Amino acid sequence: MSLERRAAMAALLAGRDDDLLVVPGLGSTCWDLAAAGDNDRNFYLWGAMGGAAMIGLGLALAQPGKRVAVITGDGEMLMGLGALATIGIQQPQNLAVVVFDNGVYGETGMQASHTQSGVDLVAAARACGIGTCLDVRDEAGLADLAGRLKALAGPLFARVAIDPAEPPRVLPERDGVVLKQRFRAAIGL
Amino acid sequence: MNVVSAPLWPDRLFDVFKRSDIRQVGYVPDAGHARLIERCRADAGIRDVVLTTEEEGVALAAGAWLGGMRAALLMQSSGLGNCINMLSLARSCRFPLLMVITMRGEWEEFNPWQEPMGSIVDPVLKLCEAEVYRARKPDEVEGLAERAVQHAFGDERIAALVLSQELIGRKVWTK
Chain A
1 MSLERRAAMA
11 ALLAGRDDDL
21 LVVPGLGSTC
31 WDLAAAGDND
41 RNFYLWGAMG
51 GAAMIGLGLA
61 LAQPGKRVAV
71 ITGDGEMLMG
81 LGALATIGIQ
91 QPQNLAVVVF
101 DNGVYGETGM
111 QASHTQSGVD
121 LVAAARACGI
131 GTCLDVRDEA
141 GLADLAGRLK
151 ALAGPLFARV
161 AIDPAEPPRV
171 LPERDGVVLK
181 QRFRAAIGL
Chain B
1 MNVVSAPLWP
11 DRLFDVFKRS
21 DIRQVGYVPD
31 AGHARLIERC
41 RADAGIRDVV
51 LTTEEEGVAL
61 AAGAWLGGMR
71 AALLMQSSGL
81 GNCINMLSLA
91 RSCRFPLLMV
101 ITMRGEWEEF
111 NPWQEPMGSI
121 VDPVLKLCEA
131 EVYRARKPDE
141 VEGLAERAVQ
151 HAFGDERIAA
161 LVLSQELIGR
171 KVWTK
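Chain order of the listed sequences is A and B.
Just so it is clear: in the first sequence, position 141 is 141 by the working numbering, and no numbers are missing.
Just so it is clear: in the second sequence, position 55 is 55 by the working numbering, and no numbers are missing.
No wet-lab data here; the hints were simulated from the structure.
On a predicted model such as this, the values are computed, not experimentally measured, just so you know.
Every residue gets a Cβ at the ideal spot worked out from N, C-alpha and C, and that includes glycine.
Careful: at least some of the hints might be erroneous.
[Said to hold, decoys possible] Label pairs and their computed distance ranges (CB to CB):
1) B/PRO112 / A/ASP144: 48 to 56 angstroms
2) B/GLU166 / A/VAL170: 47 to 55 angstroms
3) A/GLY154 / B/LYS126: 36 to 44 angstroms
4) A/HIS114 / B/LEU127: 28 to 36 angstroms
5) B/GLY154 / A/GLY65: 37 to 45 angstroms
6) A/ASP163 / B/ARG12: 27 to 35 angstroms
Please construct the entire structure, taking both the sequences and the accompanying hints into account.
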């Protein structure tokens with residue numbers, strides 16, 4: 001069983017409060033985040049493939065009083081897999097890395113990613129020392145994850161099984177300087 | 001790596017970090033930066049973040065700035081090559097990025113595999129729109145570090161303090 005990506009993003013962010021900061025990966029998760037409703041506390045990525053989890057780490061360490069959710073795709077996570085080892089050493093108390101795993105590179109024509117051939121991101125995250133590692137395959141698991149994002153206590157990794165269908169793109173602001181400034185202003189910087 | 005004598009410039013560089021309120025330091029372990037890394041690790045006000053590859057540090061520094069914190073990224077010249085696409089994050093968003101790069105492959109280098117990347121550090125930095133501050137003598141380090149900090153965080157640009165291999169010393173290969 002796998003979940004529809006837009007509904008999954010909406011479920012994770014339902015009832016979102018101002019202390020949740022969200023960094024998507026480039027591509028599909030960025031459009032999913034925009035589709036769930038624009039928010040100044042989103043830092044949309046249009047590039048920097050492989051960097052989403054590390055942006056989340058720097059942000060989580062800088063803002064220990066807020067919660068940071070990186071919500072990225074399997075291809076983006078695979079490009080920066082070392083970040084899981086780095087996060088495992090840092091043990092940020094307020095960081096969640098959620099991977100929407102559809103097994104394909106949606107932006108480039110649905111070519112297979114490593115996860116389709118058996119690479120297990122949950123096992124990788126666990127091996128890197130991330131204490132809470134979840135494999136989300138259904139609505140109940142999604143609801144559990146949504147609840148955990150409201151009160152993080154230690155680093156969390158979740159792989160969410162996503163249906164490979166690609167809904168129409170919803171494009172957010174793409175000027176990086178604007179995105180940076182509005183994000184910082186929203187958290188009082 | 002054994003150096004001929006313990007240099008003082010890493011401590012001056014650390015002082016600049018502290019005066020500049022650098023609070024996160026990302027690094028891949030490096031002999032030339034060993035003293036500076038040791039000082040950062042020992043300081044309760046600095047979060048030291050050991051990386052698997054230098055490009056992680058470019059993203060880390062961007063996240064830190066989004067959250068209102070200043071970061072620095074330490075690497076040797078070979079690490080710059082690992083950063084190139086991720087530097088587009090700093091350029092596209094004008095994130096402040098302070099890189100401190102120890103040089104290999106340009107002076108008394110025993111390992112010829114260090115030369116290809118070492119020889120293109122300056123042009124690569126320029127192509128990536130980084131301002132380069134090149135220190136060749138120990139007493140130049142502190143002043144150039146101050147200027148690099150100002151450019152990075154004051155102008156919200158990429159600043160690269162490049163430490164010549166002559167400063168670092170000769171790597172001893174015989175036991």
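Verification of the supplied hints:
1. Distance hint check for B/PRO112 and A/ASP144: the Cβ-Cβ separation is about 55 angstroms, which falls inside the suggested range of 48 to 56 angstroms.
2. At about 54 angstroms, the CB distance of B/GLU166 to A/VAL170 agrees with the hint of 47 to 55 angstroms.
3. Hint check: A/GLY154 to B/LYS126, Cβ distance near 43 angstroms, so the stated range 36 to 44 angstroms holds.
4. Checked against the hint of 28 to 36 angstroms, the pair A/HIS114 and B/LEU127 passes, with Cβ atoms roughly 31 angstroms apart.
5. The hinted window of 37 to 45 angstroms between B/GLY154 and A/GLY65 is violated, with their beta carbons roughly 27 angstroms apart.
6. The supplied range of 27 to 35 angstroms is broken by A/ASP163 and B/ARG12, whose beta-carbon atoms lie about 57 angstroms from each other.
In this structure, the hints that do not hold are numbers 5 and 6, in rising order.
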